[in-house]
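Number of protein chains: 2
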Amino acid sequence: MKMNDFRKTETNQIKRQAARGHYDRETIYSILDEGYVCHVGFSLGNQPYVIPTLYARSENSVLIHGSAVSRMLNEIDKGIEVCVTVTLVDGIVLARSAFHHSMNYRSAVVFGTGRLIKEMTAKVEALRKISENLLAGRWEDSRKPTDKEINVTSVIEIPIREASAKIRRGDPVDEKKDYELPIWAGVLPVETRFGKPIPDSKLDAQIPVPDYLETE
Amino acid sequence: MKMNDFRKTETNQIKRQAARGHYDRETIYSILDEGYVCHVGFSLGNQPYVIPTLYARSENSVLIHGSAVSRMLNEIDKGIEVCVTVTLVDGIVLARSAFHHSMNYRSAVVFGTGRLIKEMTAKVEALRKISENLLAGRWEDSRKPTDKEINVTSVIEIPIREASAKIRRGDPVDEKKDYELPIWAGVLPVETRFGKPIPDSKLDAQIPVPDYLETE
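If you read the protein sequences in the order shown, they are chains A and B. So in the working numbering, spot 105 of the first sequence is number 105, and the numbers just go up one at a time. So in the working numbering, spot 106 of the second sequence is number 106, and the numbers just go up one at a time.
Don't take each hint at face value.
Said to hold, decoys possible - Stretches of chain A that chain B covers, calculated by requiring three or more beta carbons in the stretch to come under 8 Å of a beta carbon on chain B: (1) 60 to 73; (2) 111 to 118; (3) 129 to 137; (4) 141 to 147; (5) 172 to 182; (6) 202 to 212.
Claimed, not checked - Every beta carbon over 12 Å from chain B, so not counted as near; a handful from chain A, in silico: (7) Val40; (8) Val84; (9) Asp90.
Keep in mind the hints are simulated off the structure, nothing from the lab. Given the structure is predicted, the values throughout are model-derived calculations rather than measurements. Positions of the beta carbon are idealized from the N, C-alpha and C atoms, including for glycine.
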């Protein structure tokens with residue numbers, strides 16, 4: 001374990017395909033910084049819930065936001081355990097054998113507990129970070145939130161207590177004898193990209209597409 | 001509630017943005033059938049976990065698979081509550097106000113408990129369905145699993161007990177007075193597609209790319 005690694009525990013340790021496990025902050029943070037939709041897991045009683053939402057990383061925390069009356073955010077503020085997972089899919093791994101098919105992906109799984117950010121300046125800064133993580137440059141261009149809008153919004157900060165990443169890259173790995181089979185094998189890349197911006201039907205046609213939306 | 005809807009309960013009911021909630025099987029199944037990576041949520045003690053994995057829908061069940069020694073699959077087989085979420089991101093919704101930024105997305109959240117499929121024929125058929133949901137046509141083309149490979153694989157079937165979908169589509173919705181602001185607004189589409197297949201470095205160059213991989 002290096003100084004900058006998260007400690008391996010019963011909670012965050014990768015047991016299946018252990019060689020794909022990573023515990024260093026650089027790897028985990030890079031996955032969190034590339035994604036913008038996370039899946040938040042929490043349980044109420046014995047019922048688990050997994051909810052997709054926008055997020056940002058800030059230092060060693062994950063920030064999420066929503067309505068001030070959101071059940072998820074208010075339950076998290078009570079101190080229940082939370083798991084936040086970010087998955088980036090890079091490709092479908094086509095082995096010669098059905099058994100060795102796989103995905104190329106990078107996932108980060110974060111464990112911790114969260115608390116509401118109540119102080120106004122910190123709250124607005126957290127909202128700005130979530131916005132910038134979604135689309136850099138947009139926050140400055142948009143009409144900033146009013147006090148009323150901030151008050152009906154909750155922001156939760158989840159300091160990362162434990163975390164791990166799991167990464168698979170590269171070619172399929174087949175059984176030695178299967179390499180002789182006349183079956184195409186390789187990786188089908190999965191590409192996620194922004195398309196051409198679609199103007200709001202009510203947009204004044206004089207307003208140009210901003211530079212930060214130039215997607216090609 | 002229509003005959004073909006899932007019943008609204010405390011567990012599956014969409015409370016935030018209730019107008020975006022859907023409970024009919026057609027909508028929920030169509031989201032499950034379009035995705036291929038789900039996020040499985042479960043708790044051990046009070047610790048939630050959210051794990052990405054491949055899946056398929058079969059009738060009113062979700063099928064997932066993994067190693068026979070997978071902790072997740074073996075815990076699910078004990079009958080703990082499971083939540084399976086599939087999220088399809090369609091676009092980033094850029095409102096004039098920071099407050100009204102949003103995502104266009106379709107998500108399905110499924111609740112139930114799972115059990116291992118132990119009978120060999122049913123197990124292979126479930127594996128075939130997961131493979132076909134990932135890439136139709138591939139199963140027939142690949143070397144089928146041996147009994148040994150099937151025995152070291154677990155397949156879990158989770159009958160869908162409760163479910164809901166949440167969908168947002170279309171233009172941003174701004175405050176009336178904000179429509180006069182000189183700010184570009186609209187939707188930045190998010191497109192996920194397959195790229196050009198990358199042959200395995202050990203592939204016999206005589207083997208052609210199969211038709212079901214033609215991505216353009």
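How the hints compare with the structure:
no., hint, verdict
1, 60 to 73, "holds (count 5)"
2, 111 to 118, "violated (count 1)"
3, 129 to 137, "holds (count 3)"
4, 141 to 147, "holds (count 6)"
5, 172 to 182, "holds (count 5)"
6, 202 to 212, "holds (count 7)"
7, Val40, "8 Å, violated"
8, Val84, "7 Å, violated"
9, Asp90, "10 Å, violated"
Violation of the numbered hints given earlier is confined to hints 2, 7, 8 and 9; the remaining hints are satisfied by the structure.
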